[in-house]
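4 protein chains.
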Amino acid sequence: MTLQYGLIGSAGRMGKEIVAVFNEAGHENVLSYDINGEQLQGVPDVIVDFSLPAAFAATVNYVNKYKVPLVIGTTGLSEEQFVVLKDLSTMVPVIQSYNFSIGVQMLLRCIETVKPHLKNWDVEITETHHRFKKDKPSGTALMMKNALGKEAPISSLRLGNIAGIHTITFASLGETLTIEHSATSRRTFAEGVLLSAEFTQGKGPGYYSFTDVIDAAI
Amino acid sequence: MTLQYGLIGSAGRMGKEIVAVFNEAGHENVLSYDINGEQLQGVPDVIVDFSLPAAFAATVNYVNKYKVPLVIGTTGLSEEQFVVLKDLSTMVPVIQSYNFSIGVQMLLRCIETVKPHLKNWDVEITETHHRFKKDKPSGTALMMKNALGKEAPISSLRLGNIAGIHTITFASLGETLTIEHSATSRRTFAEGVLLSAEFTQGKGPGYYSFTDVIDAAI
Amino acid sequence: MTLQYGLIGSAGRMGKEIVAVFNEAGHENVLSYDINGEQLQGVPDVIVDFSLPAAFAATVNYVNKYKVPLVIGTTGLSEEQFVVLKDLSTMVPVIQSYNFSIGVQMLLRCIETVKPHLKNWDVEITETHHRFKKDKPSGTALMMKNALGKEAPISSLRLGNIAGIHTITFASLGETLTIEHSATSRRTFAEGVLLSAEFTQGKGPGYYSFTDVIDAAI
Amino acid sequence: MTLQYGLIGSAGRMGKEIVAVFNEAGHENVLSYDINGEQLQGVPDVIVDFSLPAAFAATVNYVNKYKVPLVIGTTGLSEEQFVVLKDLSTMVPVIQSYNFSIGVQMLLRCIETVKPHLKNWDVEITETHHRFKKDKPSGTALMMKNALGKEAPISSLRLGNIAGIHTITFASLGETLTIEHSATSRRTFAEGVLLSAEFTQGKGPGYYSFTDVIDAAI
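Residue numbers (our numbering), protein chains in the order written: chain A, 4 to 221; chain B, 4 to 221; chain C, 4 to 221; chain D, 4 to 221.
Derived from the structure by calculation, the hints contain no laboratory data. Careful: at least some of the hints might be erroneous.
[Said to hold, decoys possible] Cβ-Cβ distance ranges computed for the label pairs, FRET-style:
| id | chain 1 | residue 1 | chain 2 | residue 2 | range |
| --- | --- | --- | --- | --- | --- |
| 1 | C | D218 | D | G142 | 29 to 39 Å |
| 2 | C | R16 | B | F135 | 45 to 55 Å |
| 3 | D | G142 | A | L43 | 47 to 57 Å |
Just so you know, these numbers come straight off a predicted model, no measurement behind them. For each residue, glycine too, the CB sits at the ideal point set by N, CA and C.
The task is simple: from the sequences and hints, build the whole structure.
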């Protein structure tokens with residue numbers, strides 16, 4: 004399968020990774036949109052949006068115009084914008100996620116797997132990121148707490164240029180179980196986006212998460 | 004529920020932990036058997052064997068005599084002795100495992116959870132134990148490789164008095180996922196034996212693993 | 004060298020470890036003092052105090068009576084009691100420390116070793132202890148910050164029965180350096196006390212830290 | 004201080020990092036040499052060589068021609084080539100190292116700091132690198148064993164795209180001390196080269212290691 008894809012946010016750091024990974028996979032970038040405007044060389048099979056909420060209107064226009072699936076990882080969307088996403092999903096497949104890492108999905112699944120058995124164990128979550136990350140805790144740490152389904156302390160460390168380490172430790176009075184994810188390259192997220200874009204082809208309309216993509220990828 | 008239990012291997016290090024944990028739970032040791040012979044003070048509801056293959060005949064005698072369930076963690080049993088265990092399991096519940104740690108079971112389940120999604124990722128297993136552990140790799144590391152279902156390098160480290168650390172790391176070109184279990188006390192294994200002994204009560208004949216005990220304990 | 008030693012706080016958890024370790028080394032417990040009173044069987048060569056501030060007066064009496072060195076790890080002493088300790092040290096060797104672990108001393112020395120070279124690196128300190136430890140951060144974490152000589156965030160985790168893990172990580176934009184100490188047994192502190200008690204023999208009066216003991220032990 | 008520098012191996016991955024880091028520091032690349040030949044735009048104050056042994060003759064020519072210091076990190080030099088390096092060092096400063104990471108130097112110094120105190124402790128070294136690294140163990144792991152001054156097992160793990168993690172753990176029967184270095188970017192080595200190039204200015208002839216550079220940088 005070769006895809007012709009449109010990319011909103013092509014000038015950003017994630018945009019460049021997406022182009023690199025999609026090109027390696029043999030897909031063709033036929034539509035780019037960023038702060039400098041549009042570059043159009045063909046009709047896209049799928050729209051990918053990793054940009055800012057300000058570009059959301061352009062994304063919606065493209066999806067409506069071409070009637071093709073949307074993969075969107077843009078953060079900071081408003082509730083109104085999410086309503087529009089849901090609307091689009093009655094017409095085409097829409098895949099929305101804040102984290103397109105396969106490993107983070109696996110971390111969350113491990114938490115789901117063990118939590119019914121470790122109800123009485125202590126739990127601590129730690130997230131470590133580069134010194135430039137201002138917000139605490141990370142969104143992924145909150146996803147971990149959500150998967151755990153109960154309160155847990157989260158420690159946030161800020162160190163050098165660490166791309167992102169997330170750790171959860173369970174402990175009884177005789178043993179500990181630790182599950183840790185570490186991102187070693189931004190490329191990993193682009194690979195999850197690739198998996199998602201390929202997933203959309205031949206799918207009916209619907210609102211999908213990256214979890215659905217992973218489930219289908221076994 | 005209060006159990007009257009028999010313990011084969013009562014003088015060993017695990018035997019002493021089992022007595023401590025069972026007593027705390029309100030159970031009563033009515034039969035002890037070790038290198039110094041038998042101490043009998045009542046009729047057991049369950050037999051627990053953490054001893055050596057040489058004591059296996061005594062264990063079989065007790066199970067036959069009292070027609071009560073058996074929980075056995077003795078290592079080094081021969082194939083013939085396993086055949087006898089299977090025979091006993093047609094009459095009473097028999098629970099056999101090499102590792103009664105809840106956390107190790109969780110580690111194995113995490114491996115089962117993620118393996119279908121991480122087929123192309125690299126894998127490394129590491130096990131670290133005290134300097135007195137002669138055999139390499141540990142039995143638990145082999146259980147991990149077995150759960151993984153494919154070949155993986157195992158590194159064995161021997162350090163001080165570390166009770167036991169088992170680690171598995173999966174890695175793609177952009178991320179790593181690590182799952183690690185650490186035993187901080189021998190007590191943890193005794194707690195798994197307790198869970199197993201309690202599990203047997205009211206069960207029909209059958210050959211069970213510690214996994215079955217965990218499944219029932221949710 | 005065989006020592007006859009007196010032990011203040013003999014009934015406590017550290018007291019029992021000290022007796023075990025000192026006895027293994029061939030030393031003889033000739034004086035015990037705890038909440039139940041005194042047991043005297045000889046004249047001590049050294050007094051060891053791991054008790055509570057309330058027993059401090061008894062300790063001072065023994066040191067004055069026998070004119071022998073003192074090794075003291077009791078926490079919570081008042082400023083007045085420290086003045087008394089300093090006074091005693093003009094007559095006999097006094098060794099005072101809050102942490103008799105050789106490994107913690109090594110951790111502190113590594114911090115001293117690297118800090119002049121890593122002035123612009125980020126730093127994070129983490130300490131993990133059992134769920135029963137109420138105070139945060141640990142005294143050892145504060146010693147680490149003190150050795151570092153500048154402000155650093157300290158994250159405190161409380162998990163199961165972990166005896167104590169202390170970690171410091173330095174990070175630039177291209178690398179990280181982590182130094183971590185983990186206590187696997189209370190015994191380790193008793194071994195530091197043993198080293199200290201042996202260090203006192205033949206020493207002149209003075210106020211010593213465990214660092215001095217370590218320096219002399221190379 | 005602004006340097007005009009020459010770079011042998013400018014087309015390689017390290018070469019590109021060096022250009023980026025030197026340019027950020029305000030230095031000017033006036034001489035490049037790689038497989039495509041020479042590009043000359045001025046007279047260098049220092050020659051940097053991160054290439055292959057095959058380019059060594061060109062490097063020697065440049066150093067002789069301009070009588071300027073040399074910083075060399077090229078691996079695989081023959082004994083004869085090292086003799087030539089020593090010769091050059093009677094005329095200009097020559098800095099040779101296999102690892103220009105400040106953090107690795109700190110790791111080695113921590114080993115030096117603790118080793119006289121931990122003679123009886125167990126030791127294990129672990130090195131983890133990306134799947135493409137064929138040789139085992141890594142050169143840095145050997146430097147660690149050398150700093151330790153005694154035999155120690157080295158475990159080598161190969162995982163994903165990990166840039167390089169080196170760990171040494173010391174353990175007694177009651178505690179462990181772990182020192183770990185992790186490279187998060189190739190940039191870190193280029194920064195060590197920068198430090199070395201700046202170190203050479205105003206120095207007399209001599210054969211220096213990266214350790215000398217670090218010592219001078221406090």
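Next item on the list: Determine whether the Cβ-Cβ distance between G142/D and L43/A falls within the hinted range of 47 to 57 Å.
Entry: 51 Å, holds
Next item on the list: Determine whether the Cβ-Cβ distance between R16/C and F135/B falls within the hinted range of 45 to 55 Å.
Entry: 25 Å, violated
Check: In this structure, is the beta-carbon distance linking D218/C and G142/D contained in 29 to 39 Å?
Finding: 33 Å, holds
Going down the numbered hints, you'll see the structure goes against just number 2.
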